[in-house]
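S.K.: Going line by line, the protein sequences match chains A and B.
Going by this note's numbering, the residue at position 47 of the first sequence is 47; the numbering climbs one at a time, nothing skipped.
Going by this note's numbering, the residue at position 4 of the second sequence is 4; the numbering climbs one at a time, nothing skipped.
Just so you know, not all the hints are guaranteed correct.
Unchecked claim - Result set (BS3-like, lysine-lysine): computed pairs, CA atoms no more than 27 Å apart in a straight line:
#, chain 1, residue 1, chain 2, residue 2
1, B, K85, A, K85
2, A, K47, B, K85
3, A, K63, A, K47
4, A, K85, A, K63
5, B, K85, A, K63
6, A, K85, A, K47
Don't read these hints as lab results, they were simulated from the structure.
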Amino acid sequence: MREERSAAGAIAALEVKSTWTRRHVLDLDDFSRAEIDAVMETTDAMKEVLAREVPRVPALRGKTIVTLFYEASTRTRASFELAAKALGADVINIAASGSSVQKGESLYDTVRTLQAVGAQMLVMRHGSSGAPYLVARHVEMNVVNAGDGWHAHPTQGLLDIYTMRSHLGDLRGKRVVIVGDIAHSRVARSNIWGLTNLGADVVVCAPPTLLPFGMWPGAVTAEEPLALPRVTVETDLDSAVEGADVVMALRLQLERMTAGLLPSLREYARLYQVNEERLARARTGALVMHPGPMNEGVEISPAVARSLQSTIEEQVTNGVAVRMAVLYLLARGKP
Amino acid sequence: MVTRTVLTPEDIRRAVGRIAHEILERNRGPDGVVLVGMRTRGVPLAARLAAAIQEFEGQAVPVGALDIGLYRDDIPAMDLRPQIKPTELPTDIHGKRVVLVDDVLYTGRSIRAALDALIDFGRPASIQLAVLVDRGHRELPIRADYVGKNIPTALGEDVQVLLEETDGRDEVLVEPVLSEAEGTGEGER
Numbered sequence: 001m002r003e004e005r006s007a008a009g010a011i012a013a014l015e016v017k018s019t020w021t022r023r024h025v026l027d028l029d030d031f032s033r034a035e036i037d038a039v040m041e042t043t044d045a046m047k048e049v050l051a052r053e054v055p056r057v058p059a060l061r062g063k064t065i066v067t068l069f070y071e072a073s074t075r076t077r078a079s080f081e082l083a084a085k086a087l088g089a090d091v092i093n094i095a096a097s098g099s100s101v102q103k104g105e106s107l108y109d110t111v112r113t114l115q116a117v118g119a120q121m122l123v124m125r126h127g128s129s130g131a132p133y134l135v136a137r138h139v140e141m142n143v144v145n146a147g148d149g150w151h152a153h154p155t156q157g158l159l160d161i162y163t164m165r166s167h168l169g170d171l172r173g174k175r176v177v178i179v180g181d182i183a184h185s186r187v188a189r190s191n192i193w194g195l196t197n198l199g200a201d202v203v204v205c206a207p208p209t210l211l212p213f214g215m216w217p218g219a220v221t222a223e224e225p226l227a228l229p230r231v232t233v234e235t236d237l238d239s240a241v242e243g244a245d246v247v248m249a250l251r252l253q254l255e256r257m258t259a260g261l262l263p264s265l266r267e268y269a270r271l272y273q274v275n276e277e278r279l280a281r282a283r284t285g286a287l288v289m290h291p292g293p294m295n296e297g298v299e300i301s302p303a304v305a306r307s308l309q310s311t312i313e314e315q316v317t318n319g320v321a322v323r324m325a326v327l328y329l330l331a332r333g334k335p
Numbered sequence: 001m002v003t004r005t006v007l008t009p010e011d012i013r014r015a016v017g018r019i020a021h022e023i024l025e026r027n028r029g030p031d032g033v034v035l036v037g038m039r040t041r042g043v044p045l046a047a048r049l050a051a052a053i054q055e056f057e058g059q060a061v062p063v064g065a066l067d068i069g070l071y072r073d074d075i076p077a078m079d080l081r082p083q084i085k086p087t088e089l090p091t092d093i094h095g096k097r098v099v100l101v102d103d104v105l106y107t108g109r110s111i112r113a114a115l116d117a118l119i120d121f122g123r124p125a126s127i128q129l130a131v132l133v134d135r136g137h138r139e140l141p142i143r144a145d146y147v148g149k150n151i152p153t154a155l156g157e158d159v160q161v162l163l164e165e166t167d168g169r170d171e172v173l174v175e176p177v178l179s180e181a182e183g184t185g186e187g188e189r
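My request is simple: use the sequences and hints to build the entire structure.
M.R.: What follows is the structure, given as C-alpha cells:
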C-alpha cells in the first residue's frame with residue numbers, strides 16, 4: 001500500500017510539471033521553459049474556442065481588464081480586447097490621449113485610479129522602458145506588458161514562438177534570423193529571450209547603427225556583458241539567411257530614430273530588405289514573419305509579405321489566442 | 001486511515017462492459033449516440049466504452065473530449081496546474097444523444113460546467129451521464145444515469161481513479177486526503 005501511495009505521488013508530480021505562479025507578464029527573460037509550454041498548451045485550447053461559431057467562454061466572467069496605451073497600437077490593443085471579451089471579461093480601453101493623463105496625471109496616479117475603480121488586470125503599453133515594472137510594484141492588479149519602449153513585448157514574443165512551433169515543432173537548433181532595426185525593437189528582445197531559452201539558434205542581422213550597443217562587433221567583453229543572451233550577429237543579410245528556418249523582418253522604427261542612423265531608406269532597402277532572391281538562400285519553405293505594421297518595400301518586399309511562406313496574418317490571429325492564454329493563466333494563478 | 005482499493009482492474013473492466021450494455025439498452029442501440037469524455041480520465045473511459053460498444057454491436061460510435069476548464073466556477077484559490085486543452089468533438093452534437101463520461105462524480109460542479117460547455121456547441125437531443133465512481137456529497141441537483149460503483153466516502157477522503165492510459169495501471173483507491181496541491185485523479189473538487 002505504501003508503495004502505491006508513492007506511485008500515485010509520482011504521477012501527481014508529473015502533472016504539476018508546468019506550474020504557474022506568475023502574477024505579471026513583463027518580459028520573457030524570466031520565463032522557464034515549462035511556463036512557455038504552459039502558455040503554448042493553453043493557446044491550443046484558446047484556438048479551439050476562437051474557431052467556434054460563438055467564440056466566447058465564461059472563464060473570466062466578472063473580471064475587469066483595463067488596456068492602458070500611452071503609444072499608438074492597432075493589432076496589439078485590438079487583440080487584447082478581443083481576447084478579454086472572448087473570455088467573458090469586461091474591458092475598459094484607455095488611451096493616454098483623451099484621458100486624465102492629458103491633464104497631467106502621473107502614471108502612478110493613473111494606475112492607482114484604475115485599480116480603485118475595480119480593475120483586476122492591467123494591460124499596458126508605454127514609451128518608457130521599464131514603466132510596467134514600476135507599475136507592477138505598486139498595484140495589486142495583474143500587469144501585462146504590451147510593449148515598453150525598446151525593452152520588451154512579451155506577448156508578441158510568445159505569439160511568434162507559438163507560430164514558429166506550429167510549423168516547425170521543436171525549435172531546438174532551428175535557425176531564426178531576425179533582420180532590421182534590432183536596436184529599437186522590443187519585439188526582437190523578447191523573441192531573443194524566448195527563442196534562446198527554447199534552444200533555437202538566433203541570428204540578428206542589421207547595419208551596425210541599428211544593433212544594440214552591446215552587439216557591436218567587439219563590444220561584448222568579459223567586463224561588459226551584454227544584457228541579452230548570446231546570439232550570432234551578422235551585418236550581411238545574404239549570409240545571415242543562408243539555411244534559415246525562419247526569417248523575421250522588423251519594422252524600421254522611424255519614430256524612435258533620432259537622426260543619422262541610416263544614409264537613406266533606399267540604401268537600407270537595397271541591403272536589408274527581405275525579398276525573393278534573399279529568401280531563396282533560406283531553407284525551402286522557410287517561414288517569413290513580421291510583427292507588423294509593415295513598411296512594405298522597405299524592410300520587406302510586397303511579394304514576400306504575401307507569399308505562401310508568410311505567416312504575417314497567422315501571427316495576428318495567433319495573437320488573440322496567445323493573449324487569451326496569458327490572461328487566463330494570470331487570472332487563474334492569482335492567489 | 002489507510003489507502004484501500006475499491007475497484008480492481010477486473011472490476012473496472014466489468015463496470016465498463018455493463019455501462020456499455022446499459023447505454024445501448026437505454027438508447028435502443030448505438031445510433032445517434034456520441035460519447036464525450038471529460039478531461040482527463042473521462043477521455044480514456046469514453047474510448048473504452050466505445051470499444052465495448054463496437055465489440056457488442058459491430059458499430060463505431062463517435063468519441064469526443066471535453067475540457068471544462070473555461071467553464072468552472074469553483075476556481076481554487078491557487079491552481080497550480082490551470083492548463084486547459086482543446087475540446088474535440090468529432091461530430092455536430094445537434095440532435096444527438098450525448099453521453100458525458102467522467103471518472104468520479106462528487107459535488108456535481110464539474111458536470112454543471114460540462115453541461116454549459118457542451119451546450120455551447122449545439123442542442124443535443126439528450127445528455128446522459130456515465131461515471132465510473134459515484135462518491136456522494138452532491139452540492140447540485142445532478143445524478144448519473146450510469147454508475148460503475150457507488151462508493152460512500154467521508155469528506156476527508158480522496159478518491160483516486162488510476163487508468164492504464166494515464167497512470168500505467170487500472171485501479172480505484174480511496175485514501176485519506178492529501179494536501180490540496182497533491183490531489184489527483186479526482187474528477188472534481
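S.K.: Next step is simple, just say for each hint if it's right about the structure.
M.R.: Against the structure, the hints come out as follows:
For the hint pairing B:K85 with A:K85, the CA-to-CA distance comes to about 20 Å; that is within 27 Å, so the pair holds. With a C-alpha separation of about 10 Å, the suggested pairing of A:K47 with B:K85 holds against the 27 Å cut-off. Distance check on the hinted pair: A:K63 and A:K47 sit about 21 Å apart at the alpha-carbon level, within 27 Å; holds. Taken as a hint, the A:K85 and A:K63 pair is honoured in the structure, with Cα atoms around 10 Å apart against an allowance of 27 Å.
Using a Cα cut-off of 27 Å, the hinted pair B:K85 and A:K63 holds, with the two alpha carbons roughly 22 Å apart. For a cut-off of 27 Å, the pair hint linking A:K85 to A:K47 stands: about 14 Å separates their Cα positions.
When held up to the earlier numbered hints, the structure conflicts with none and fits them all.
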